[in-house]
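Colleague: Sequence:
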Amino acid sequence: MKLRNNSAVLIIGLCFIFSLVVLNPAGAQSPRRIKVLVNTEQQAMGNQDEVQGSGSIIIRRGGAQPSGRVSGGNRRTTVQRSTGVFTVVQDGGESILSVATRVPQNQVSFYRDYAGRVGYIDRPITFTEVGTSLRVAASALADNRIRVRLTPRISYFSAERSGAIDFTEATTEVIVANGQPLSLGGSENRTHELTQHILGYSERTSSSETDLIITATLQ
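Numbering (our numbering) for the sequence shown: 79 to 297.
Hint data in this document are derived by calculation from the structure and do not stem from the laboratory. Because the structure is a prediction, the values reported are computed rather than measured. All residues carry an ideal CB built from backbone N, CA and C; glycine is no exception. Be aware that a few hints might be false.
Claimed, not checked - Quick list of simulated restraints, FRET-style, between CB atoms:
#	residue 1	residue 2	range
1	Gln130	Glu207	46 to 56 Å
2	Thr155	Lys113	14 to 24 Å
3	Thr156	Ile203	48 to 58 Å
4	Ile203	Gln120	36 to 46 Å
5	Ile203	Ile174	22 to 32 Å
6	Pro109	Thr206	50 to 60 Å
Put together the whole structure using the sequences plus the hints.
Modeller: Structural data, given as C-alpha coordinates:
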(Lines of atoms letter the chains of each structure in order from A; the text may use other names.)
(Lines give C-alpha, C1' and ligand atoms only; values in the text may rest on other atoms or scores of the structure.)
Protein backbone atom coordinates (compact mmCIF):
# COMPACT_ATOMS: atom_id res chain seq x y z
CA MET A 79 0.00 0.00 0.00
CA LYS A 80 2.85 2.31 0.78
CA LEU A 81 4.54 1.56 -2.55
CA ARG A 82 1.35 2.39 -4.44
CA ASN A 83 1.08 5.74 -2.69
CA ASN A 84 4.68 6.60 -3.52
CA SER A 85 4.09 5.64 -7.15
CA ALA A 86 1.00 7.83 -7.32
CA VAL A 87 2.92 10.79 -5.88
CA LEU A 88 5.75 10.20 -8.37
CA ILE A 89 3.32 10.07 -11.31
CA ILE A 90 1.57 13.26 -10.19
CA GLY A 91 4.93 15.03 -9.82
CA LEU A 92 6.04 13.97 -13.30
CA CYS A 93 2.76 15.17 -14.79
CA PHE A 94 3.15 18.54 -13.06
CA ILE A 95 6.71 18.96 -14.36
CA PHE A 96 5.57 17.95 -17.85
CA SER A 97 2.77 20.53 -17.78
CA LEU A 98 5.24 23.27 -16.78
CA VAL A 99 7.55 22.35 -19.66
CA VAL A 100 4.69 22.35 -22.17
CA LEU A 101 3.12 25.60 -20.99
CA ASN A 102 6.42 27.42 -20.56
CA PRO A 103 9.02 25.79 -22.82
CA ALA A 104 12.68 26.66 -22.42
CA GLY A 105 13.77 29.69 -24.39
CA ALA A 106 10.25 31.12 -24.78
CA GLN A 107 10.26 34.88 -24.28
CA SER A 108 7.58 37.50 -24.28
CA PRO A 109 7.56 39.84 -27.31
CA ARG A 110 10.07 42.64 -27.04
CA ARG A 111 8.93 46.22 -26.94
CA ILE A 112 10.36 49.12 -28.92
CA LYS A 113 10.21 52.75 -27.81
CA VAL A 114 10.02 55.18 -30.73
CA LEU A 115 10.74 58.85 -30.01
CA VAL A 116 9.93 61.51 -32.61
CA ASN A 117 11.67 64.73 -31.63
CA THR A 118 11.55 68.21 -33.17
CA GLU A 119 14.50 70.52 -32.54
CA GLN A 120 14.34 74.18 -33.55
CA GLN A 121 17.07 76.80 -33.40
CA ALA A 122 16.23 80.45 -34.11
CA MET A 123 18.74 83.30 -34.38
CA GLY A 124 18.00 87.00 -34.67
CA ASN A 125 20.15 90.07 -35.28
CA GLN A 126 18.99 93.69 -34.97
CA ASP A 127 21.06 96.77 -35.86
CA GLU A 128 19.63 100.21 -35.22
CA VAL A 129 20.87 103.76 -35.79
CA GLN A 130 18.63 106.52 -34.49
CA GLY A 131 19.18 110.26 -34.54
CA SER A 132 17.51 112.99 -32.54
CA GLY A 133 17.80 116.78 -32.55
CA SER A 134 16.36 119.98 -31.15
CA ILE A 135 16.67 123.77 -31.55
CA ILE A 136 16.80 126.06 -28.54
CA ILE A 137 15.81 129.66 -29.29
CA ARG A 138 17.01 132.38 -26.96
CA ARG A 139 17.20 136.10 -27.24
CA GLY A 140 19.74 136.96 -29.77
CA GLY A 141 20.01 133.59 -31.53
CA ALA A 142 19.21 129.90 -31.87
CA GLN A 143 21.26 126.97 -30.63
CA PRO A 144 20.75 123.63 -32.37
CA SER A 145 21.68 120.34 -30.74
CA GLY A 146 21.56 116.73 -31.88
CA ARG A 147 22.89 113.26 -31.28
CA VAL A 148 23.09 109.88 -32.95
CA SER A 149 22.72 106.57 -31.10
CA GLY A 150 23.21 103.05 -32.34
CA GLY A 151 22.88 99.54 -30.99
CA ASN A 152 23.13 95.91 -31.86
CA ARG A 153 21.24 92.99 -30.34
CA ARG A 154 21.61 89.30 -31.10
CA THR A 155 19.39 86.53 -29.77
CA THR A 156 19.54 82.75 -30.02
CA VAL A 157 16.63 80.51 -29.01
CA GLN A 158 16.61 76.71 -28.96
CA ARG A 159 13.43 74.68 -28.61
CA SER A 160 12.95 70.94 -28.40
CA THR A 161 9.66 69.04 -28.31
CA GLY A 162 9.03 65.34 -28.65
CA VAL A 163 6.43 62.61 -28.55
CA PHE A 164 7.02 58.91 -28.06
CA THR A 165 5.15 55.64 -28.22
CA VAL A 166 5.94 52.05 -27.22
CA VAL A 167 5.03 49.22 -29.60
CA GLN A 168 5.61 45.49 -29.59
CA ASP A 169 8.16 44.04 -31.97
CA GLY A 170 6.41 43.78 -35.33
CA GLY A 171 3.37 45.77 -34.17
CA GLU A 172 2.18 49.34 -34.61
CA SER A 173 0.49 52.12 -32.70
CA ILE A 174 -1.41 55.28 -33.62
CA LEU A 175 -1.00 58.73 -32.07
CA SER A 176 -4.08 60.76 -32.93
CA VAL A 177 -5.23 64.32 -32.30
CA ALA A 178 -8.65 64.54 -33.88
CA THR A 179 -12.30 65.45 -33.41
CA ARG A 180 -15.14 62.99 -33.93
CA VAL A 181 -17.80 64.49 -36.15
CA PRO A 182 -21.12 62.89 -37.23
CA GLN A 183 -21.71 62.14 -40.89
CA ASN A 184 -24.95 61.23 -42.62
CA GLN A 185 -24.60 58.29 -45.01
CA VAL A 186 -27.39 57.59 -47.47
CA SER A 187 -27.86 54.05 -48.86
CA PHE A 188 -30.54 52.76 -51.21
CA TYR A 189 -31.75 49.17 -50.84
CA ARG A 190 -33.85 47.31 -53.41
CA ASP A 191 -36.13 44.40 -52.55
CA TYR A 192 -36.33 42.49 -55.82
CA ALA A 193 -38.90 40.05 -54.50
CA GLY A 194 -41.40 42.72 -53.61
CA ARG A 195 -40.06 45.20 -56.23
CA VAL A 196 -39.89 47.95 -53.65
CA GLY A 197 -36.99 50.01 -52.39
CA TYR A 198 -36.20 52.04 -49.35
CA ILE A 199 -33.53 54.54 -48.28
CA ASP A 200 -31.47 54.08 -45.13
CA ARG A 201 -29.78 57.06 -43.48
CA PRO A 202 -27.32 55.81 -40.84
CA ILE A 203 -25.20 58.20 -38.81
CA THR A 204 -21.50 57.40 -38.49
CA PHE A 205 -18.73 59.23 -36.62
CA THR A 206 -15.52 60.12 -38.42
CA GLU A 207 -12.30 61.48 -36.92
CA VAL A 208 -11.02 64.68 -38.50
CA GLY A 209 -7.55 65.89 -37.53
CA THR A 210 -4.00 64.56 -37.55
CA SER A 211 -2.60 61.15 -36.69
CA LEU A 212 0.77 59.41 -36.77
CA ARG A 213 0.96 55.65 -37.27
CA VAL A 214 4.18 54.08 -36.00
CA ALA A 215 5.28 50.53 -36.87
CA ALA A 216 8.57 49.01 -35.67
CA SER A 217 10.31 45.64 -35.91
CA ALA A 218 13.70 44.45 -34.66
CA LEU A 219 16.32 43.30 -37.18
CA ALA A 220 19.68 41.61 -36.96
CA ASP A 221 22.85 43.47 -35.94
CA ASN A 222 20.97 45.47 -33.30
CA ARG A 223 19.03 47.47 -35.88
CA ILE A 224 15.36 48.48 -35.99
CA ARG A 225 13.07 49.09 -38.96
CA VAL A 226 10.65 51.98 -38.32
CA ARG A 227 7.76 53.03 -40.56
CA LEU A 228 6.07 56.39 -39.96
CA THR A 229 2.77 57.26 -41.63
CA PRO A 230 1.44 60.75 -40.86
CA ARG A 231 -2.13 61.46 -41.93
CA ILE A 232 -4.00 64.77 -42.06
CA SER A 233 -7.75 64.82 -42.65
CA TYR A 234 -9.85 67.93 -43.22
CA PHE A 235 -13.22 69.06 -44.53
CA SER A 236 -13.24 69.47 -48.28
CA ALA A 237 -13.60 73.01 -49.60
CA GLU A 238 -15.10 71.79 -52.88
CA ARG A 239 -17.58 69.15 -51.69
CA SER A 240 -19.93 69.99 -48.87
CA GLY A 241 -19.81 67.47 -46.05
CA ALA A 242 -16.93 65.49 -47.57
CA ILE A 243 -13.66 64.77 -45.76
CA ASP A 244 -10.35 64.65 -47.65
CA PHE A 245 -7.08 63.36 -46.30
CA THR A 246 -3.37 63.44 -47.11
CA GLU A 247 -1.14 60.51 -46.17
CA ALA A 248 2.58 59.80 -46.61
CA THR A 249 4.81 56.94 -45.45
CA THR A 250 8.49 57.00 -44.52
CA GLU A 251 10.45 53.82 -43.73
CA VAL A 252 13.96 53.90 -42.28
CA ILE A 253 16.39 51.50 -40.60
CA VAL A 254 18.10 52.90 -37.50
CA ALA A 255 20.60 51.61 -34.98
CA ASN A 256 19.29 50.74 -31.53
CA GLY A 257 19.21 53.88 -29.38
CA GLN A 258 20.92 56.08 -31.99
CA PRO A 259 19.10 59.24 -33.20
CA LEU A 260 18.61 59.74 -36.92
CA SER A 261 17.67 63.01 -38.62
CA LEU A 262 14.89 62.63 -41.19
CA GLY A 263 15.27 66.17 -42.54
CA GLY A 264 13.89 69.56 -41.68
CA SER A 265 13.18 73.05 -42.88
CA GLU A 266 14.98 76.41 -42.97
CA ASN A 267 13.52 79.90 -42.91
CA ARG A 268 15.31 83.26 -43.30
CA THR A 269 13.90 86.79 -43.19
CA HIS A 270 15.42 90.24 -43.70
CA GLU A 271 13.73 93.51 -42.77
CA LEU A 272 15.00 97.07 -43.30
CA THR A 273 13.06 100.04 -41.90
CA GLN A 274 13.97 103.62 -42.75
CA HIS A 275 13.29 106.35 -40.19
CA ILE A 276 13.48 110.12 -40.59
CA LEU A 277 16.70 110.20 -38.60
CA GLY A 278 18.19 106.73 -38.87
CA TYR A 279 17.26 103.17 -39.76
CA SER A 280 16.79 99.73 -38.24
CA GLU A 281 17.71 96.41 -39.80
CA ARG A 282 16.55 93.00 -38.66
CA THR A 283 17.62 89.57 -39.85
CA SER A 284 16.40 86.25 -38.51
CA SER A 285 16.86 82.60 -39.38
CA SER A 286 15.42 79.38 -38.02
CA GLU A 287 16.16 75.71 -38.60
CA THR A 288 13.87 72.85 -37.66
CA ASP A 289 15.08 69.24 -37.59
CA LEU A 290 12.97 66.08 -37.27
CA ILE A 291 14.84 63.37 -35.36
CA ILE A 292 13.75 59.80 -34.68
CA THR A 293 15.18 57.46 -32.04
CA ALA A 294 14.17 53.81 -31.63
CA THR A 295 15.25 51.83 -28.56
CA LEU A 296 14.69 48.19 -27.67
CA GLN A 297 13.18 47.84 -24.21
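Colleague: Check the following: the C-beta atoms of Thr155 and Lys113 are separated by a distance inside 14 to 24 Å.
Modeller: Between Thr155 and Lys113, where Cβ atoms are some 35 Å apart, the hint is violated.
Colleague: That 22 to 32 Å hint for Ile203 and Ile174 (C-beta), does it hold up?
Modeller: holds, 24 Å
Colleague: Is the hinted range of 36 to 46 Å satisfied by the C-beta distance from Ile203 to Gln120?
Modeller: holds, 42 Å
Colleague: Regarding Pro109 and Thr206, is the given constraint of 50 to 60 Å on their beta-carbon distance met?
Modeller: Because 32 Å falls outside the window, the suggested range is violated.
Colleague: Lying within 46 to 56 Å: is that true of the beta-carbon distance Gln130 to Glu207?
Modeller: holds, 54 Å
Colleague: State, for the Cβ atoms of Thr156 and Ile203, whether the hinted interval 48 to 58 Å holds or is violated.
Modeller: Given about 53 Å between the Cβ atoms, the range holds.
Going through the hint list in order, the structure does not satisfy hints 2, 6.
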